[in-house]
Amino acid sequence: MLNYLFRRLNLLLITALILSIIAFIISLWSNQARTVQDVNVFILYLDYMGNILQGQWGISLINQKSHMQNGLIAFSSTLELCLVALLTSVIIGIPLGIFSGIYRNGILDYTIMSIALIGLALPAFWLAIMLIMLPITFDMGLPVDGNISPIYDIPMITGFQLIDSLLASDLYNLAAFVDRLTHLILPSVVLSFFLTSEIIRLTRYSISQVMKSNYIKAANTKGLTVIQIVFRHVLKNALPPIIPQLRLQLNTIISIAMTVEIVFDAQGSGVWLLTSIKAGDYLALSAAVIIISGFILLSSIVIDILQMFISPTTRKMLYADK
Amino acid sequence: MLINNEFNEQKIQSPLHYIWSIFLKNNFAVFAMWVGIGLILISLFADVIVLYSPFLQDPEHLLSAPYWIEGGTTEHLFGTDDLGRDTLARLIKGFQFTFGGALVITCAITFVGAIIGSTAALTRGLKASVLHHLLDALLTIPTLLIAFILIVLFDPSYQNALIAVSLSLLPQFIRGIYNTIDSQLNKQYVVALQLDGATNIRLLRFGIYPNILEPIVTLVNRIFTMAILEIATLGFLGFGTQSPDIELGKLIADSIDLSYLSPWLIILPGLLIFIIIMVVNIFTEGLRHAIIQGED
Amino acid sequence: MRFILIFTTALILSGCYQSESSLKDSLIYCPESKALSFNPQISHDISSLDATTHQLYNRLVKRDPTTHNYVPDLATGWLLSADKLSYTFFLRQNVNFHQTDYFTPTRHFKADDVIFSLQRMLDQAHPFHSVNHGMGYYFFNHPFTNLIKDIVKIDDYTIKFILKKPDITLLDNLAAHYSVILSQEYAQQLIAHGEPDKIDFYPIGTGPYKFKSSNDAGITHYLNHAKFWGDKVSVNNIIFDVTENNTKRYAKLLTGECDIIANPAPSQLKQMSEKANILLSSEPTANILLWAFNSNKIPFTEKKIRQAFSKAVDQNNLLEAVFYQSATATSTLLNHQSWAYNRRSTDIPYKPQEALSTLQEMGYDFNKKITILTPVKNSLFNHSFHKIAELIQANLLKIGVESEILFLTQTELEKRLLSGKYDTYLTAVNGKINDPDSIFRPLLSCDSTVLEGNSSQWCSKEVQSLLNLTLSESNFTTRIKNYYKLQEIIQEERIYFPIAHVLRMDAFKINISGFWVDPFTGINFQHVKKTEAH
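Residue numbers (the working numbering), protein chains in the order written: chain D, 1 to 322; chain L, 1001 to 1296; chain W, 2001 to 2534.
To be clear, the hints were calculated from the coordinates, so they are not data collected in a lab. In this text, a Cβ means the ideal position worked out from N, Cα and C, and glycines have one as well. Heads up, some of the hints might be wrong.
Said to hold, decoys possible - Calculated cross-link-like contacts (lysine to aspartate or glutamate; reagent style EDC-like; alpha-carbon spacing at most 16 Å):
no., chain 1, residue 1, chain 2, residue 2
1, W, K2212, D, D153
2, D, K278, W, D2216
3, W, K2415, W, E2452
4, W, K2398, L, D1155
5, D, K278, L, D1155
6, W, K2275, D, D139
7, W, K2153, W, D2167
8, D, K65, W, D2216
9, W, K2387, L, D1058
10, W, K2160, W, D2083
11, W, K2481, L, D1058
As the list claims (entries may be wrong) - Label pairs and their in silico Cβ distance ranges:
no., chain 1, residue 1, chain 2, residue 2, range
12, L, K1025, D, F6, 50 to 56 Å
13, W, E2244, D, P95, 53 to 59 Å
14, L, Q1159, W, I2489, 38 to 44 Å
15, L, R1205, D, L5, 35 to 41 Å
Said to hold, decoys possible - Chain D regions said to be covered by chain W (calculated; three or more residues, Cβ under 8 Å):
no., segment
16, 131-137
17, 140-146
18, 155-161
Based on the sequences and whatever the hints tell you, model everything.
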């Protein structure tokens, strides 16, 4: 067990090292004009890492704030979008995936899988544009631009605007919170298309694997109904393996979220990076690598460790592995 | 994972002909296959097929609608854009760039990824470990961010966009191949082959690859799907093809201003992307089914 | 489970979501681009003017929007001396400057502020003359500079302008956007703190609104200036929310995220005009979109070649394809509303055959590829350059002339223009004040450099003397006559192929009223009113 923990942490460190080198190379490249050729690259790297660890990530050319601050604010907004989309996708995707997995190769399965395929095949940016064009044809009051209406001046406390706007409820009652939420609806709908497809696919696969196993067959012979089997045996065996699978998709999800943000002009990582690049401020890219990749790395390790505690099978595998 | 626990003895070789005959029974998939072949032909001979040059301006017909809409002409089946350029011709030309690019990328990734992935799976020690960690690191960078970085390092152009997309998808493919091969390594038939003293190449050729056809098809399909989407996304963001060249994503970006007057200019390229992905997915889904059935 | 509960409640809440525009106290204006600074003295682009001139500042005089007469603003009246060489202005008393987080005024507006503000542009030794000087070549370079000999303070509320020679454009200049009055006290405070460059970014003025904040996402907040000397405003918060993409701007107008949007795309106008809850306002402007022939470079040194090229381009098709209804065709450089517009000038005919035969006659070399320079981005005509250049290219190809379009960024463009290595240049100019001279002089004068507008490198004695004569002429009829003559010369010489005057358009919700747009100085929200939506 400890051995496993140790190995995970080891992996974390090495991967983090590689990531920091990538970030370093970008930063080195972005101000190549200033670097002197003779200086040892290794020393430059140590220097860079020292700065990073002290929180000195350089100053943005756009607004004269620290890259770290800009990046964290932007990324928290992206994360907020991802979480809201994830929530809706889980609510829609898991039940559909379960049906699909249980009645595999039936009409229901085909219908659900077709829906999932459609969700995958629609390009996110195009879908977002379609949604922006909606108010032109229909009278729809859903906002299509930005994070929150400029009317509300929300003091930043956590960086997550949903929470911040709730905390600012003494200023605007719930109006600011509701406004933020409505601004999230369309972007998260777009993101949910992809995410729901993925969740349906993964759930279906996982459920159908479990349904094939011997203990389900045994349960069948015991005369349990399908519903009983699903709730007693299938779900608790089939759902946990979805999480690490979904984690592998995290970078794709964030990358789609960034595209969606750009189209909806929501002030998240996508817009931040795009404006930085257009302003020639390439240091933002290395800040983004540290923040976003760091987040993905950390969350995957946390998921791994959590899973070790939750799932007996992984634990067993660990002992066997040893 | 597809290996069924109940039956420990597996066919070492699955005759491709058998799979093919099963595939042919799936009308849907066969249809998708023919459409797919059609698409490939179109992308190869795009310049010959089009009635008009995609850059030719027709001042007589500015922003005309597709012919089935009121106000459209049969002269321009899918209408024209604001400079009177034929939408159909531009779609085909854009399609050539998007689809062709994705095809090239997928082939390259499959080839390179299979080599690196299999080598990594069969070697142990420091080299494999380095690769492993490098992949882990690369996999934590969102594809769009990788594309941004590469496009900033080199200038935005179609070629660089293709390189960026390949480099962002390659780690995924290598990791996929690596995992599938790795799960095969302790199968009895593989161990048996190893004990026979088979070389690594022989081991892969006869022991492993025939048994991982289905996951490979899934992987390739996924890479292709993501490649299409990412090329279009980069084009849309202005980091792909540069004017006057066209690409489906760029077509959409260029027509955004006209979305009220002529929404077709935005809807059609998006639908085309959608259709490409659907066709390819239906085809590979059919193939997968056939492989699974063939193996059973 | 709890999460799901919260989420569904939230969704239900959002059902009763009220669109933002129903907040009567705030008005959201969505322009196309960000203000470069908050001082119209140094930033002359229309976005900066919209964001500053009328909102933050006052001038000594202004133009009445309906009668076009000069009316008092911070001045209460003025006198012209008999020799026409000096103007005496009487200033308004008890005018307060803005009180903000960064400045608290201790005194009222007085003559020192006027002298401070205007001398900043005129006096090279002024402590603020070179502050923020890096903002572009047009910095303080306007007719004003050559006009005034001195500004003298008589007492706190009386000042006297002494002119170099009689010039009737003084009032025009004082009503122009760049003659806004800043606070001298604030400037002194900034110098004491060692941060003079803040003067243009944390503005203090006397206008109806004061600056609150501006962020890098392009959102600027203005607050009601409670101690404003004039009528109280009825909307307390004005918010500028920059939205570059015009599809997005239109969508935001419809969803209520914007109350007023600037520059709706020409392609949207038809649909907008059909919407019951959206109104359009359009104002003729003094800007002009033109295609300049480099008269210093063969073959465009020849008048006949220039004429032939302008006959080869279909002006009506350009207007139709690019501007739909948002521009008016033009044959001279002035727009039809101008008092100096020569009504007898004829349209430029589209005769490609004639053009072709002239070119053949003149022995034009058809193997030569001519260059068309265009800016990549221009704040005024953002969406059109690209298309116009391509349409011109197609037109030229019809008579067998091959051309190459060069889209250049501002810096590259300036380099290229200065080098003179170009055949033609597609550009736009904007009149700074309501006087024909402000259009003609930059384009035609020998003194005007290529960067100031003379992109055809034109210089002729006849035109130059006509320009100079007219400026000092005080007889109105003679001025008109001179300008008519000038337009005839332009018609004949075809130094420029004028394409269109683009209308300044704004679209707004039906519950908004009372704002007006001055094509020269920007939008004015002082009297804007917002009623309950629906």
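Tested hints:
1. W:K2212 <-> D:D153: OK: K2212 of chain W and D153 of chain D at ~11 Å, within 16 Å.
2. D:K278 <-> W:D2216: With a Cα-Cα distance of about 14 Å, the restraint between K278 of chain D and D2216 of chain W holds, given a limit of 16 Å.
3. W:K2415 <-> W:E2452: Holds - the C-alpha atoms of E2452 of chain W and K2415 of chain W are around 13 Å apart, at most 16 Å.
4. W:K2398 <-> L:D1155: Distance ~35 Å between K2398 of chain W and D1155 of chain L Cα, so the pair is violated.
5. D:K278 <-> L:D1155: It holds: about 12 Å lies between the C-alpha atoms, which stays within 16 Å.
6. W:K2275 <-> D:D139: holds, 11 Å
7. W:K2153 <-> W:D2167: violated, 21 Å
8. D:K65 <-> W:D2216: holds, 11 Å
9. W:K2387 <-> L:D1058: Distance ~13 Å between K2387 of chain W and D1058 of chain L Cα, so the pair holds.
10. W:K2160 <-> W:D2083: OK: K2160 of chain W and D2083 of chain W at ~14 Å, within 16 Å.
11. W:K2481 <-> L:D1058: violated, 43 Å
12. L:K1025 <-> D:F6: 50 to 56 Å: Check passed, 53 Å falls within 50 to 56 Å.
13. W:E2244 <-> D:P95: 53 to 59 Å: violated, 41 Å
14. L:Q1159 <-> W:I2489: 38 to 44 Å: Given about 52 Å between the Cβ atoms, the range is violated.
15. L:R1205 <-> D:L5: 35 to 41 Å: Holds: the Cβ-Cβ distance is about 40 Å, inside 35 to 41 Å.
16. 131-137: holds (count 4)
17. 140-146: holds (count 7)
18. 155-161: violated (count 0)
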